[in-house]
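Chemist: Here's the letter readout for the chains.
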Amino acid sequence: MPQGRKGRLNYRCPICFAREIDMDLFYDQAEDEYYCIRCPYIDTEKEILELNEKNKFRYKSGFIRIRDF
Amino acid sequence: MDKFILNIIHRPELVPEYIEKTAASGKTEDVSRQEVISESLDIFKLQQKIAHDCGFKTTIQMTYSSLLDEQAVNLVKHDSEKYGDEIGMTFIGLTCKDFRERFKTKEIAIWLFSMEDKKKITDFMFSRFKQAFGFYPRSIGAYYLDAELVSYIKHKYPEVHCAVATCWEEGPKAYRNANNSWYTFLDGGPFNPWIPSKSNIHCPAVDESDDIGIVAIPHLSRDLLAVFDGPGSFFGTHPQNIMRGLVYKGEKIPYLYNLIDQYKSLKQYNKGYSYNMIFVGPGWMSKSGRWEAPYELLVKNYENCMAYYADLKKKNEIEDKTMSEFALWFREHKPYKEPCCALWKDILFGSEKQLFWYVDPYFRVAIDMNQGGAIVDLRPYAAKLERPVGVGTKHIQDASYPYIIQSFYRAGFFTHYAGEGAIKSCTIEYNGEEVDLCTCRTQAHFKEKNGLRILSLNDVEIEFKDLTIKVASQFELCEGSGEIIITRKITEISDPGASLIINEYLTGCYGTTEYPEDLTGVVLSGTSRGNKKKKEIKYAYKCREQVIADVDTVQAVIPQIASKLTLFPVDTTAEGYFREGYAFSPMFTIGLKKSCKYKEEYRSCLRVEKED
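Chains as they are written, first to last, in our numbering: chain G, 1 to 69; chain P, 1 to 612.
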């Protein structure tokens with residue numbers, strides 16, 4: 001298999017992010033897929049972005065303005 | 001007073017950390033190449049422009065490599081003359097080719113060097129700074145500056161009077177977040193500026209004789225709830241934090257504005273004063289993007305952040321100062337023993353959780369309303385522990401100030417099947433049933449009166465099998481005393497004749513990480529009120545317990561961290577007890593039990609002291 005490289009942006013592993021670990025993903029050009037060297041995560045850029053959005057699930061008030069302090 | 005003060009700090013890193021890392025490993029071409037320097041300087045210039053366009057002056061902290069670069073020096077001189085920016089110096093961004101060759105090392109963190117090397121590096125940088133600018137810096141910084149180094153700097157360069165000195169709660173959580181590779185073990189400090197003790201940078205000075213000579217500010221203003229249980233680098237007043245934590249939708253960053261607003265609101269707990277800081281380098285705004293975000297979005301976020309501060313400034317709701325201006329103001333307005341408080345509420349997870357933070361020269365404490373007002377963090381500043389760090393010292397990387405309670409590291413109320421966790425709470429007992437207030441979520445209100453910071457909790461309802469009660473709790477934190485007085489009162493009851501047992505307890509240990517330390521040598525004791533008879537347990541993991549019927553005090557002395565905790569009833573009688581743990585439950589408990597009826601108050605006091 002070819003050498004893994006950094007992708008276009010430093011995408012992080014969404015599975016590791018969910019457990020609050022920042023792991024940069026490596027990119028396999030031949031397979032056109034990103035993979036994590038810590039956990040078994042493998043996915044495409046599109047799916048990484050989708051999972052990143054899903055990972056925001058716990059920020060229930062993170063995207064609204066709060067005025068009462 | 002009505003003051004919200006902002007420090008904006010930029011640093012021109014000519015070799016950003018993210019590029020330097022691979023260069024130091026010999027894996028890429030020469031990072032001193034002109035395009036890297038130009039890009040880094042361009043980003044710094046852009047950050048400066050964004051701040052200046054919004055009408056702000058900045059503090060520019062020169063890095064090692066920028067001190068050696070004529071272009072950077074001239075640029076900074078220009079901005080200082082034109083915009084009134086302060087020129088300071090930082091130990092962040094040490095490494096570059098010159099540094100590696102001159103000091104024969106790839107080390108990046110100033111506090112991790114031996115004291116001898118810290119002095120050499122400091123003297124070299126101060127000398128280069130003076131060559132470049134003709135004076136010594138008035139403000140300095142790093143992710144962490146140990147008291148020993150700050151004392152050296154202050155002695156040799158008395159002009160310095162402000163420093164970025166710690167990162168709030170960057171400890172094991174930050175280490176883990178960085179795949180166990182980021183050695184900033186700096187937990188346990190104040191969350192807002194303070195004057196540090198000569199003994200330990202985390203501890204506020206108690207008086208002039210203890211004053212290290214600078215005003216310290218924490219690196220970034222962080223979310224006091226999210227960061228207590230999450231990575232510091234996700235939730236702070238740095239647009240990169242927000243990007244890294246994925247707390248944004250497109251270009252919208254309401255969480256950052258909420259964070260700034262909540263810091264602004266801390267005026268209500270601190271005699272009308274509040275503080276915010278933002279400290280950025282060029283690396284996070286890289287043209288190749290960062291944290292999944294493209295360059296354009298990174299720039300937009302910084303523009304939005306500064307525009308928000310600018311809006312506040314237009315409304316006279318914020319005042320920008322340079323670091324040394326702020327230090328002068330702080331010394332004029334803040335007495336040594338005045339505490340720093342925050343009744344912080346969740347602005348991220350959609351809960352109604354509140355954490356109350358209190359910092360003074362005697363302790364740092366966090367009271368969790370989500371657990372009925374349990375103390376979930378306690379750092380004995382009264383001990384003023386001298387804990388040098390760096391190569392050649394006992395602790396090397398571990399610069400955290402030890403806790404006696406850190407409930408998220410050491411279990412707290414909830415443990416798996418066995419043992420106890422570190423927490424200060426209270427149980428109510430009736431007819432063989434027992435309910436811990438940790439299970440009773442509530443909300444708190446703050447007021448200040450006669451040197452007391454008073455936290456009053458809403459009543460919580462407790463249902464026993466055949467009795468229902470409501471309990472009120474109040475915490476009085478006495479400025480300059482190292483004491484917390486806790487009052488419990490049964491405010492409603494289904495059977496007015498019923499009698500209950502209120503058990504104030506503290507389960508503690510000591511440490512700086514999630515892992516247990518050896519408690520051998522801890523001494524638990526209690527003294528009776530009448531004949532002053534004393535009982536004692538020397539900790540040996542034997543699961544022993546002692547009871548004192550009419551107690552004067554119960555105590556835990558922890559020689560490993562030179563600390564003493566004392567619990568005693570206030571204006572009343574109580575039964576005292578103390579208990580050692582066992583290897584699967586490496587904790588100790590001290591407690592007071594008191595029989596109480598409807599409308600009776602039960603007051604007790606927790607005192608934190610140094611044990612010589």
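Some hints could be false.
[Stated by the list, open to error] Far from chain P, by Cβ distances over 12 angstroms, these chain G residues were calculated:
1. G7
2. N10
3. P14
4. D32
5. Y35
6. I42
7. G62
8. D68
[Claimed, not checked] Pairwise CB distance ranges (calculated):
9. P:N180 to G:K56: 22 to 28 angstroms
10. P:F446 to G:K56: 39 to 45 angstroms
11. P:E545 to G:L49: 17 to 23 angstroms
12. P:R100 to G:L49: 52 to 58 angstroms
13. P:K49 to G:K56: 44 to 50 angstroms
14. P:G84 to G:R8: 38 to 44 angstroms
15. P:S481 to G:N55: 20 to 26 angstroms
16. G:G4 to P:K300: 46 to 52 angstroms
17. G:L49 to P:E492: 52 to 58 angstroms
18. G:A18 to P:S181: 18 to 24 angstroms
19. P:E429 to G:L49: 50 to 56 angstroms
20. P:E545 to G:R38: 55 to 61 angstroms
21. G:K60 to P:G497: 18 to 24 angstroms
22. G:L49 to P:E434: 47 to 53 angstroms
[What the hints assert, rightly or not] Covered stretches of chain G, going by a simulated chain P footprint (3 or more residues, C-beta under 8 angstroms):
23. 17-31
24. 50-58
Keep in mind the hints are simulated off the structure, nothing from the lab. Backbone N, C-alpha and C define an ideal beta-carbon position, used for all residues, glycine too.
Chemist: If a hint holds in the structure, say so; if it doesn't, say that too.
Modeler: Quick rundown of the hints versus the structure:
1. Not every CB of chain P is more than 12 angstroms from the CB of G:G7 (nearest about 10 angstroms), against its label as outside the interface.
2. Against chain P, the non-interface label of G:N10 is violated: not every CB pair exceeds 12 angstroms, the least being about 7 angstroms.
3. The beta carbon of G:P14 sits about 10 angstroms from the closest Cβ of chain P, which is not more than 12 angstroms, so the claim that it is off the interface is violated.
4. Annotated as non-interface, G:D32 keeps its C-beta farther than 12 angstroms from every C-beta of chain P; the closest such distance is 18 angstroms.
5. No beta-carbon of chain P is positioned within 12 angstroms of the beta-carbon of G:Y35; the least distance is around 15 angstroms.
6. No Cβ of chain P comes within 12 angstroms of the Cβ of G:I42; the nearest lies about 17 angstroms off, and the non-interface call holds.
7. A beta-carbon of chain P is positioned within 12 angstroms of the beta-carbon of G:G62; the least distance is around 5 angstroms.
8. Not every C-beta of chain P lies more than 12 angstroms from that of G:D68, the closest at about 9 angstroms, which undercuts listing it as non-interface.
9. Between P:N180 and G:K56, the C-beta spacing of about 25 angstroms keeps the proposed range 22 to 28 angstroms intact.
10. A hinted range of 39 to 45 angstroms is violated for the C-beta pair P:F446 and G:K56, which are about 32 angstroms apart.
11. A hinted range of 17 to 23 angstroms is violated for the C-beta pair P:E545 and G:L49, which are about 57 angstroms apart.
12. For the hinted restraint 52 to 58 angstroms between P:R100 and G:L49, the CB-CB distance of approximately 38 angstroms leaves it violated.
13. Our hint of 44 to 50 angstroms for P:K49 and G:K56 is violated, since their Cβ atoms are close to 31 angstroms apart.
14. Evaluation of the 38 to 44 angstroms hint for P:G84 and G:R8 yields a pass: the beta carbon distance comes to about 40 angstroms.
15. Here the CB-CB span from P:S481 to G:N55 is close to 45 angstroms, at odds with the stated 20 to 26 angstroms.
16. A C-beta distance of roughly 31 angstroms is found between G:G4 and P:K300, which places it outside the suggested range of 46 to 52 angstroms.
17. For G:L49 and P:E492, the Cβ-Cβ distance of about 53 angstroms falls inside the hinted range of 52 to 58 angstroms, so the restraint holds.
18. A beta carbon spacing of about 19 angstroms between G:A18 and P:S181 agrees with the range 18 to 24 angstroms that was offered as a hint.
19. For the pair P:E429 and G:L49, the supplied restraint of 50 to 56 angstroms holds, since their beta-carbon distance comes to about 54 angstroms.
20. The hinted range of 55 to 61 angstroms is not satisfied by P:E545 and G:R38, whose Cβ atoms lie roughly 45 angstroms apart.
21. Taking the beta carbon of each, G:K60 and P:G497 are about 45 angstroms apart, not inside 18 to 24 angstroms as hinted.
22. A hinted range of 47 to 53 angstroms holds for the C-beta pair G:L49 and P:E434, which are about 50 angstroms apart.
23. Chain P is given as covering the region 17-31 of chain G, and this holds because 5 residues of the stretch bring a CB closer than 8 angstroms to a CB of that chain, at least three being needed.
24. Residue count for the region 50-58 of chain G with a Cβ under 8 angstroms from a Cβ of chain P: 4. That meets the three needed, and the coverage hint holds.
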